[in-house]
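Number of protein chains: 2
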Amino acid sequence: MGKMYFSVSEYKERLAKTKESMEENNIEVLLITNPGNICYLTGYDAWSFYVHQMLIVSLDKKDPVWFGRGIDVDAVKFTTWLNDEDIIAYPDDYVQSDTKHPMDYMCKVLKDMKVDNKTIGMEFDSYYFTAQCYISLTKGLPNAEIKNGQGIVNWVKIIKSEKEIEYMRRAGIITAKAMQAGIDALAPGVRQSDVVADINYISTKGTKEFGGDYPGHPPLLPSGEQTSACHMTWTDDLLVQGEPSIIELGGCYRRYNVPMARTVSLGEPSDKLKKLSDVCVEGIDEALSVVKPGITSEDVEKAWRKSIEKHGFKKESRIGYSIGLNFPPSWGEETVSIRPGDKTILEENMTLHMIPGMWLDGVGMEISQSFVVTKHGFEELGDIPRKLFVK
Amino acid sequence: MGKMYFSVSEYKERLAKTKESMEENNIEVLLITNPGNICYLTGYDAWSFYVHQMLIVSLDKKDPVWFGRGIDVDAVKFTTWLNDEDIIAYPDDYVQSDTKHPMDYMCKVLKDMKVDNKTIGMEFDSYYFTAQCYISLTKGLPNAEIKNGQGIVNWVKIIKSEKEIEYMRRAGIITAKAMQAGIDALAPGVRQSDVVADINYISTKGTKEFGGDYPGHPPLLPSGEQTSACHMTWTDDLLVQGEPSIIELGGCYRRYNVPMARTVSLGEPSDKLKKLSDVCVEGIDEALSVVKPGITSEDVEKAWRKSIEKHGFKKESRIGYSIGLNFPPSWGEETVSIRPGDKTILEENMTLHMIPGMWLDGVGMEISQSFVVTKHGFEELGDIPRKLFVK
Numbered sequence: 002m003g004k005m006y007f008s009v010s011e012y013k014e015r016l017a018k019t020k021e022s023m024e025e026n027n028i029e030v031l032l033i034t035n036p037g038n039i040c041y042l043t044g045y046d047a048w049s050f051y052v053h054q055m056l057i058v059s060l061d062k063k064d065p066v067w068f069g070r071g072i073d074v075d076a077v078k079f080t081t082w083l084n085d086e087d088i089i090a091y092p093d094d095y096v097q098s099d100t101k102h103p104m105d106y107m108c109k110v111l112k113d114m115k116v117d118n119k120t121i122g123m124e125f126d127s128y129y130f131t132a133q134c135y136i137s138l139t140k141g142l143p144n145a146e147i148k149n150g151q152g153i154v155n156w157v158k159i160i161k162s163e164k165e166i167e168y169m170r171r172a173g174i175i176t177a178k179a180m181q182a183g184i185d186a187l188a189p190g191v192r193q194s195d196v197v198a199d200i201n202y203i204s205t206k207g208t209k210e211f212g213g214d215y216p217g218h219p220p221l222l223p224s225g226e227q228t229s230a231c232h233m234t235w236t237d238d239l240l241v242q243g244e245p246s247i248i249e250l251g252g253c254y255r256r257y258n259v260p261m262a263r264t265v266s267l268g269e270p271s272d273k274l275k276k277l278s279d280v281c282v283e284g285i286d287e288a289l290s291v292v293k294p295g296i297t298s299e300d301v302e303k304a305w306r307k308s309i310e311k312h313g314f315k316k317e318s319r320i321g322y323s324i325g326l327n328f329p330p331s332w333g334e335e336t337v338s339i340r341p342g343d344k345t346i347l348e349e350n351m352t353l354h355m356i357p358g359m360w361l362d363g364v365g366m367e368i369s370q371s372f373v374v375t376k377h378g379f380e381e382l383g384d385i386p387r388k389l390f391v392k
Numbered sequence: 002m003g004k005m006y007f008s009v010s011e012y013k014e015r016l017a018k019t020k021e022s023m024e025e026n027n028i029e030v031l032l033i034t035n036p037g038n039i040c041y042l043t044g045y046d047a048w049s050f051y052v053h054q055m056l057i058v059s060l061d062k063k064d065p066v067w068f069g070r071g072i073d074v075d076a077v078k079f080t081t082w083l084n085d086e087d088i089i090a091y092p093d094d095y096v097q098s099d100t101k102h103p104m105d106y107m108c109k110v111l112k113d114m115k116v117d118n119k120t121i122g123m124e125f126d127s128y129y130f131t132a133q134c135y136i137s138l139t140k141g142l143p144n145a146e147i148k149n150g151q152g153i154v155n156w157v158k159i160i161k162s163e164k165e166i167e168y169m170r171r172a173g174i175i176t177a178k179a180m181q182a183g184i185d186a187l188a189p190g191v192r193q194s195d196v197v198a199d200i201n202y203i204s205t206k207g208t209k210e211f212g213g214d215y216p217g218h219p220p221l222l223p224s225g226e227q228t229s230a231c232h233m234t235w236t237d238d239l240l241v242q243g244e245p246s247i248i249e250l251g252g253c254y255r256r257y258n259v260p261m262a263r264t265v266s267l268g269e270p271s272d273k274l275k276k277l278s279d280v281c282v283e284g285i286d287e288a289l290s291v292v293k294p295g296i297t298s299e300d301v302e303k304a305w306r307k308s309i310e311k312h313g314f315k316k317e318s319r320i321g322y323s324i325g326l327n328f329p330p331s332w333g334e335e336t337v338s339i340r341p342g343d344k345t346i347l348e349e350n351m352t353l354h355m356i357p358g359m360w361l362d363g364v365g366m367e368i369s370q371s372f373v374v375t376k377h378g379f380e381e382l383g384d385i386p387r388k389l390f391v392k
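Here the protein sequences come in this chain order: A and B.
To convert, take the position in the first sequence, counting from 1, and add 1; that gives the working numbering.
To convert, take the position in the second sequence, counting from 1, and add 1; that gives the working numbering.
Don't read these hints as lab results, they were simulated from the structure.
Careful: at least some of the hints might be erroneous.
Heads up, the list lumps identical chains together, so a pair's fine if it works in one copy or across two of them.
What the hints assert, rightly or not - Simulated pairs of lysine-lysine, DSS-like, Cα-Cα distance not exceeding 25 angstroms: (1) 101 with 148; (2) 115 with 4; (3) 315 with 78; (4) 112 with 388; (5) 209 with 18; (6) 148 with 78; (7) 109 with 18; (8) 273 with 78; (9) 101 with 344; (10) 315 with 275; (11) 115 with 315; (12) 101 with 273; (13) 4 with 392; (14) 276 with 293; (15) 78 with 316; (16) 115 with 344.
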């Protein structure tokens with residue numbers, strides 16, 4: 002038995018809910034690729050998802066089966082509650098080979114488990130479930146009915162337990178400390194990489210009481226005109242007096258992520274940037290003010306939209322998404338999007354990141370807020386004022 | 002025109018080689034998903050690969066076409082040499098939607114380019130080329146012949162230019178500094194997260210002359226009995242007097258990665274660990290001593306194998322792989338593996354990571370060496386003694 006972040010009974014409850022959802026979706030066997038989903042059900046926590054691995058959940062079998070590379074078996078034993086006989090390794094010459102694929106071996110495993118004639122769900126759009134996985138499995142399982150099982154576990158994950166919320170509060174504390182370190186470090190003539198070094202130091206160190214984990218992605222730090230581009234990381238270019246920078250970062254505790262974005266102007270900001278920031282902060286406030294159980298995700302976006310339209314602004318892209326347990330390349334959980342058409346009804350203990358970036362010609366800004374949906378409203382995760390910082 | 006890390010002529014040379022390889026493989030249009038490959042051909046450098054994006058290279062068209070999310074278009078302009086008319090965005094409601102997929106939109110783009118009836122190669126086993134991408138493209142392109150184009154660009158990347166080698170030397174300098182910081186920080190009673198905080202600080206800060214970038218994956222730091230598991234990251238557990246730890250980390254400069262692993266014993270190491278280390282160091286020395294252009298990759302492994310067999314050891318898993326330009330989840334380039342059966346002939350300016358981890362019951366160790374193949378032998382990347390460190 003490994004050393005997990007949750008009790009075995011919590012993992013088993015998650016598994017039971019996953020099986021319920023499988024039944025509702027007429028899936029008898031689910032092959033899970035998303036590392037966050039594997040971790041959610043078993044505790045598995047290792048950077049081994051750069052080679053193929055999967056968790057097999059079968060309605061016919063009590064416990065899940067981990068399938069992966071031989072040299073990762075010990076990490077399964079150290080971090081999960083799985084039985085030794087439910088840990089199955091493929092030989093190392095299947096790794097990044099031109100002639101054999103781990104999913105060929107997986108087909109044999111499913112035959113041995115006598116489930117190769119079942120309805121088998123797969124996470125069709127999961128990051129590490131490649132086309133080749135699908136091709137090999139489809140070819141090797143002629144008697145199976147193959148179905149899209151994308152999102153099955155993600156939607157089970159969406160309501161957090163008290164312990165998960167506690168982990169996210171801790172992540173939020175790390176987030177705020179790391180953001181403060183970044184804001185403090187920003188100054189004319191300093192390299193972007195030096196600012197991010199301070200952020201990475203703090204987000205890894207965490208607090209005296211608990212250490213930090215690696216977030217779903219590294220900090221983003223566009224400066225100057227590059228603030229109009231929203232996913233640029235950093236370089237060793239120098240920061241320039243009079244220019245704005247956006248810091249977007251995540252604090253992470255035991256794989257639970259809390260992201261945050263803030264914009265900082267080195268010197269007096271332009272009127273355009275001040276205006277954008279005022280509109281954005283007001284829009285977030287108004288959108289947050291409608292958050293409570295029972296309201297839909299698109300209604301939250303509508304409150305934002307109404308707010309910025311008063312000032313003559315429009316925004317095409319979504320303004321937020323569900324967050325929590327994940328591994329790179331994302332801290333999102335790929336369920337709810339805060340946007341028109343998303344009719345998800347918010348429930349207590351959902352966790353989301355509202356990040357309505359605003360971009361105009363040559364300048365952009367981002368101010369964001371992660372939050373938990375509570376009984377009557379919301380609780381903020383990550384305590385840093387929502388404003389344009391001026392240094 | 003963006004600000005790239007290489008001259009436009011170097012990117013165009015890479016593109017010409019890619020097109021040559023496409024012709025040899027009877028592929029008329031190549032859809033490139035691997036973020037390292039996209040960066041290699043265009044300079045594109047942003048953390049946007051968590052949503053679907055691709056580069057389209059067509060034999061009929063001089064320049065590549067970037068296809069991705071609207072809010073990432075500016076990052077393309079800032080970091081690549083592509084023409085504005087070759088940057089095509091899909092609408093934001095295609096992002097993580099249940100009802101529409103970016104690859105549906107891609108099919109329209111390929112029709113507009115009048116290449117939907119061509120032989121179209123795709124990177125079947127690339128991390129972010131999901132089953133759903135393949136399914137949507139196959140369905141939406143009934144007149145195309147779809148082929149596996151996995152590895153086309155990876156194999157072009159394998160011989161590095163002088164400038165790439167220079168970047169890797171810089172990455173190696175960062176690697177060594179970060180490793181030294183990790184070794185210095187390891188002490189009984191210190192949290193693993195505090196050690197990694199020091200590592201992340203240095204690997205991001207880099208040197209006075211140049212800053213660091215994020216490596217293909219975060220540091221790994223298993224301690225005690227967990228050294229038998231090779232891809233565990235870190236927790237906030239305390240380090241224990243008398244126990245060994247493995248540090249595996251990458252230094253990165255402008256997306257070029259140089260990894261390194263070292264093992265550190267806090268206090269006198271066990272005889273088993275000392276023996277393992279001696280065998281491993283000797284094995285690496287003997288394997289490196291045969292490295293030169295003209296020798297095969299499997300011959301390098303054979304020298305290792307012969308060396309450790311003298312001492313009664315065996316190892317099943319591969320002992321190394323090609324490295325260089327990549328994004329998470331990997332710093333490998335997924336071409337050469339140093340293992341039996343790999344008949345790749347080493348050539349000048351290939352870059353590899355030799356990492357023959359050794360694991361016995363309850364204890365493991367890793368000592369590794371990144372290197373460039375030179376005219377008559379090899380050049381080490383990352384200067385830290387190859388030995389078991391004892392503190």
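Now for the hints, and whether the structure bears them out:
1. 101 with 148: both (24 angstroms within a copy, 17 angstroms between copies)
2. 115 with 4: Answer is neither: 31 angstroms inside a copy and 56 angstroms across each miss the 25 angstroms cutoff.
3. 315 with 78: between (51 angstroms within a copy, 23 angstroms between copies)
4. 112 with 388: neither (58 angstroms within a copy, 46 angstroms between copies)
5. 209 with 18: This pair counts as neither: shortest intra-copy Cα distance 36 angstroms, inter-copy 53 angstroms.
6. 148 with 78: Answer is neither; intra-copy 30 angstroms and inter-copy 39 angstroms both fail.
7. 109 with 18: neither (28 angstroms within a copy, 39 angstroms between copies)
8. 273 with 78: between (55 angstroms within a copy, 22 angstroms between copies)
9. 101 with 344: between (43 angstroms within a copy, 16 angstroms between copies)
10. 315 with 275: within (17 angstroms within a copy, 65 angstroms between copies)
11. 115 with 315: Neither: 55 angstroms inside a copy, 34 angstroms across copies.
12. 101 with 273: neither (57 angstroms within a copy, 35 angstroms between copies)
13. 4 with 392: So residue 4 and residue 392 fail the 25 angstroms test inside a copy (45 angstroms) and across (27 angstroms) alike.
14. 276 with 293: This pair counts as neither: shortest intra-copy Cα distance 29 angstroms, inter-copy 62 angstroms.
15. 78 with 316: For residue 78 and residue 316, the Cα distance is within 25 angstroms only across copies (21 angstroms; inside one copy 48 angstroms).
16. 115 with 344: neither (39 angstroms within a copy, 38 angstroms between copies)
The structure is inconsistent with the numbered hints 2, 4, 5, 6, 7, 11, 12, 13, 14 and 16, although it conforms to all the rest.
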